[in-house]
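Trainee: Next come the chains, spelled out residue by residue.
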Amino acid sequence: MSTRLSKGGRLIDRSKPLSFRFNGAPMRGFAGDSLAAALLANGQVLLGRSFKYHRPRGLIASGAEEPNALVNLGRNARVEPDQRVTTTELFDGLEAASQNHWPSLDFDIGAINNTFGKLFPAGFYYKTFMFPQIAWKYLFEPVIRRAAGLGTAAKEADPDRYEQAYAYCDVLVAGGGVAGLAAALAEAKAGKRVIVMEQTPFWGGRAPVDGGTIEGLAPAEWIDRTLDLLATYPNVQLMTRTMVAGLHNHGYAICYERVADHTPGDGRPRHRLWRVRAGVTVAATGAIERPLAFAGNDVPGVMLASAVRDYIVNWAVSPGDRVVIVTNNDDAYRTALAVLDAGLTVEAVVDARERAGGDLPQLVRARGVRVMEGRGIAGVMGHKAVTHVQVCSQAGEGGVTETLECDCVAMSGGWSPVVHIFSHVGGKLLWDEAGAMFRPDATRAPTGPDGSVLARAVGAANGHLTLDAIAAEAGLSAEVEPEAPLAPVWVMPAGAGQALRFKAFLDYQNDVKVSDVELAAREGYTSVEHTKRYTTLGMASDQGKLSNINGLAILSDSLGQPIPTTGTTTFRPPYTPISFGAMAGEARGDLFQPMRRTAMQDWHEAKGYHWEPVGFWRRPYCYPRGAESHRDAVNREITNARTNVGLLDASTLGKILVKGPDAGKFLDMMYTNMMSTLPVGKCRYGLMCNENGFLSDDGVVVRLSDDSWLCHTTSGGADRIHAHMEDWLQCEWWDWKVYTANLTEQYAQIAVVGPKARKLLEKLGGMDVSKEALPFMTWAEGTLAGFPVRVYRISFSGELSYEIAVPANMGAALWEALNTAGEEFGAMPYGTEALHVMRAEKGFIMIGDETDGTVIPQDLGLNWAISKKKADYLGKRAQERSFMVSPDRWRLVGLETLDGSVLPDGVYAVAEGNNANGQRNTQGRVTSSYYSPTLKKGIAMGLVLHGPERMGEILDFPADKGAVIKARIVDPCFYDKEGEKADA
Amino acid sequence: MPEAVSALKGVSHTGFATVAEAGLTGMIQIRADLASPRLAAVLAERGLAVPEQRKVVTGGGRRLAWMSPDELLLFCSYDEAPVLAGDLTAEMGGEHALIVNVSDMRAVFTITGAKRDEVLMKLCPVDFATLPEMELRRTRAAQTGVALWRSGPEEITLICFRSVAGYMMGLLETASRKGGEIF
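Those protein sequences? They're chains D and F, same order as listed. Per UniProt numbering, the very first residue in the first sequence carries number 1; after that it's consecutive. Per UniProt numbering, the very first residue in the second sequence carries number 1; after that it's consecutive.
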């Protein structure tokens, strides 16, 4: 039974008691407690159930490596699953609940899996749930997911805010222990810009718990002194609660600051994701103790030796009164001393080594503790908590020599340097035989594009596991008890049979045992990466921090090869999971994407418009009135524009100014038709193709002056076409005298469309908009109702139409003025759907509907807009290739259903017979299809094999549910073929 | 002439710094050979020099910013911009240049206060600790392009396209909210 000790606890403040709840039960802790420490202090050893077998599990560790003790933290909107209690700071009112059990933590039905554990070997799911294939999706996966799974997610929106921040430094130090602080100080003295990040709330790492002296000072004193010194350097930034999560190319580090996890709802952002450019990153990330693989090493109460002394020294929490220590090294004897210093009992130290004669074992012996040499643990007794351990010879097969009563087992299998940061971006490791560990190889450090070192490791992360070695590397003096060599122990006892290996856990979170890795090896898995995925070793949220080295050692043993030959799996960021909130930062709600707004957007919104996304714009699709359906609104808007006058917010159209002595020559290359000959004052429709000949954009080009043209592009094409122009000007025709300016946002643009358009503009007054003064396809500058405007007589609807450009800051006012003045003429705004239908009634193509990146202008019957005189234009040569001139290309026609119905968009026309794949042959497809309120029937355009030569023929379009719609090939222009209306 | 209104009509918010839309501002885009003596003369006429790379210069109550190797942005009063753009074009005397009034194309913001840098540290990949006075950075704020410079004591001026002014103010307001101080 764990409990709070009456004295000690270097991190807790006993004058600040805190209340919290675990599974609804009220508990007490102190400021400075981790949730793990507080739970232990309240006697809560059992904290959850394992993922696969639902075995009872408690704490193993005291830090970020903890695999078992994950809880649902918080409630309602702030509930968050899979939170490690070891890295959760206690705060008043904290609520936590255990996970992965049903119906309760103490009684769990799923534990029946444990009884049938033999049925769940490595690859069980892959082998079992294979047939029939369909059952995986509808039966196996849903059932397995319900039975497994860890926590539950909140159903409400996250009430907290998250943010990101950018930082720059010469040196980023990951880890605020002795090695990190010493490195930071050295760099600070050298004048470097230094950022030091410590993932916990406390500086100093393990040193204050593990003891010794640095420069004659106790570790805690040295740390305080060094921090005070660092604080005097303006070039140093010290950050706690911030983890260097990953290091990427070019020294780009992603770091995770938990600003307010311990003060929820205080108005601060909860997490902040730092995006740091660091010259070099110093991995001072310490080391993680390895468990020992013995049967029952997952029973609650079996913990890492270092964790046991952390809980005692840091938080004055006793994990148990009677502790058995099992080890293969001297360091674990420090736990024995800590236990004794706390007034608790060490039943024995079970040392797997033949001899334990070092200083530390001697110290422990001197305090009357029995040290059992050459021994191991054959089994742990107890279900939800340890009651006994069975001792055996380490060299044997597990024959029990003695049974020891205890309520805590402190195990140590040696230490593994935390090499993640060094390895993320390609640093290589070497196998250290003496320490039985992988450590960074400084000669193969990760490098930047200039060959400079991106990361180096110091301290325990560099394989210096003792304080004197850490200090020596930093050029400091230190004293600490010397340690005798460890003996690598990968299975305990060495000759353990299947029954024991079957209960010796490697990966606690995914319930992977020694027997699973061995089975994988027997089944032919030789790659450590494959074995990982087959057995799920190291694939849980702890990413194998405890299990990886043990697992690959066992794999190596099974394969009969040395450990470095097997190698490690890849270390991937983040070091521990980081929140989606931090990754999203401010990008949520209204700030999810940069929504673009025209000058008239407020008006559209006030009118309750229905919008559609066009790039990042939200263009009005239609303006429904009252209970009117969208379709009815569209029909009304079309009919009104065709009989009275409609108003369209066309501000999103691209407007690119092209100016210079060579501008005409340049535009002749950009467009398929001739723009250099366009007279000043005139407008001309033009097509732009890419280098492969495919139609890329279209729009009206306006000749503004001798040396300047204004090119209108599609709404979605403005930035793309501007970039396309600059690309050619900067990379190919750099000596042509042409400048461009993307003026898209300088102007609000309004289309005034319909037979009464002229009357409306005349009412506003200020300039002559008569047919004589401003004929079709011309433009003029002037004022309308006092607004400085440029008016283009262009029409995408087939009606009498003016497009009016006005400075954007006056756009809303002109729009308002047109709507008000237009009332007597029945003016109504119309949206993009009405625009689409009206252009389709006219047979005008739309980029993105009639084109899809594989269509050339010739396919669309646009040969009239392709200059025959020009020597060249972008796409010309491509359009002369054999496939492009083939008469068998599908070409544009109109389509009219025999029954007047609307063809589904994108539907194919079938031809006789089947292709080589047994699919029905096709001979065309619908590119645009609408109900035309003007013609009162469905109209469509489509690309059809030999289409223009087949006028009047009837095609079959199979639609849903076996229906076949018959449609006649017709001219694509359904309305005012002579164009009299637009020219009115 | 009808009244012009800026994208956000000068709205402002005060958190741990003050963020405000600056309202109507005249802006003239100049694309030209920046080594042109003619350009230098036209600008000198108005007390302005061609700015060095990334610099912002002032003269005659106006500001002139370096935008790219062949582009400058002249800040002036909103009302004078159309005429000034025409005058500058004329004074270039047919030398190849593109000078155009773009006053309506962008929105202008100021971020002021002792902690102004901390607002933008959250949005822009810029090393503010080393950003000198009157040096223009073309960068991005979250997902949209911006340019910014230290325009005065405890003041940063930022420009972005008009259509994303609302997004920009949303970013600035959120990033400057009290409790979000970095240091």
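Treat each hint with caution, since some may be false.
Here are the computed lysine-lysine pairs in the BS3-like style, where the Cα-Cα straight-line distance is at most 30 Å [to be verified]:
| id | chain 1 | residue 1 | chain 2 | residue 2 |
| --- | --- | --- | --- | --- |
| 1 | D | Lys-189 | F | Lys-115 |
| 2 | F | Lys-9 | D | Lys-192 |
| 3 | D | Lys-155 | F | Lys-55 |
Between beta-carbon pairs, the in silico distance windows are [unchecked claim]:
| id | chain 1 | residue 1 | chain 2 | residue 2 | range |
| --- | --- | --- | --- | --- | --- |
| 4 | F | Gly-179 | D | Thr-447 | 36 to 42 Å |
| 5 | D | Asn-249 | F | Gly-179 | 32 to 38 Å |
| 6 | F | Gly-179 | D | Arg-367 | 36 to 42 Å |
| 7 | F | Met-1 | D | Asp-888 | 56 to 62 Å |
Computed from the model, here is a short list of chain D residues facing chain F with C-beta under 7 Å [to be verified]:
| id | residue |
| --- | --- |
| 8 | Arg-268 |
| 9 | Arg-588 |
| 10 | Lys-659 |
| 11 | Gln-730 |
| 12 | Trp-733 |
| 13 | Ala-773 |
| 14 | Leu-774 |
| 15 | Phe-787 |
| 16 | Ala-813 |
Quick caveat, the hints were computed from the structure, so don't treat them as lab data. Even glycine gets a Cβ: it sits at the ideal position worked out from N, Cα and C.
Trainee: Indicate, hint by hint, whether the structure satisfies it.
Mentor: Now for the hints, and whether the structure bears them out:
The straight-line distance between the Cα atoms of Lys-189(D) and Lys-115(F) is roughly 27 Å, inside the 30 Å bound, and the hint therefore holds. Restraint check: the Cα-Cα separation between Lys-9(F) and Lys-192(D) comes to about 45 Å, which exceeds 30 Å; the hinted pair is violated. A threshold of 30 Å between alpha carbons decides the hint, and for Lys-155(D) with Lys-55(F) the separation of about 50 Å lies outside it, so the pair is violated. Our hint of 36 to 42 Å for Gly-179(F) and Thr-447(D) holds, since their Cβ atoms are close to 40 Å apart.
In this structure the hint that Asn-249(D) and Gly-179(F) lie 32 to 38 Å apart at CB holds, the actual value being about 34 Å. Checked against the given bound of 36 to 42 Å, the beta carbons of Gly-179(F) and Arg-367(D), roughly 51 Å apart, lie outside it. Taken as a hint, the range 56 to 62 Å holds for the pair Met-1(F) and Asp-888(D), whose Cβ atoms sit roughly 59 Å apart. For Arg-268(D), the suggested interface contact is upheld, since its CB lies about 4 Å from the closest CB of chain F, less than 7 Å.
Using the Cβ-Cβ criterion of 7 Å, the hint placing Arg-588(D) at the interface with chain F is not satisfied: the shortest such distance is roughly 10 Å. Below 7 Å, beta-carbon pairs count as interface contacts, and Lys-659(D) has one with chain F at about 5 Å; its hint therefore holds. The restraint placing Gln-730(D) at the interface with chain F is violated, with a minimum CB-CB distance near 10 Å, outside the 7 Å limit. Restraint check, Trp-733(D) versus chain F: the minimum CB separation of about 14 Å is more than 7 Å; hint violated.
Taking 7 Å as the C-beta contact cut-off toward chain F, the hint placing Ala-773(D) at the interface is violated, the least distance being around 22 Å. A distance limit of 7 Å between C-beta atoms decides the matter here; for Leu-774(D) the minimum to chain F is near 22 Å, and the interface restraint is violated. Taking 7 Å as the C-beta cut-off, the interface hint given for Phe-787(D) holds, the closest approach to chain F being about 6 Å. Hint status for Ala-813(D): holds, given a least beta-carbon distance of 5 Å to chain F, under 7 Å.
Comparing the model with each numbered hint stated earlier shows that hints 2, 3, 6, 9, 11, 12, 13, 14 do not hold.
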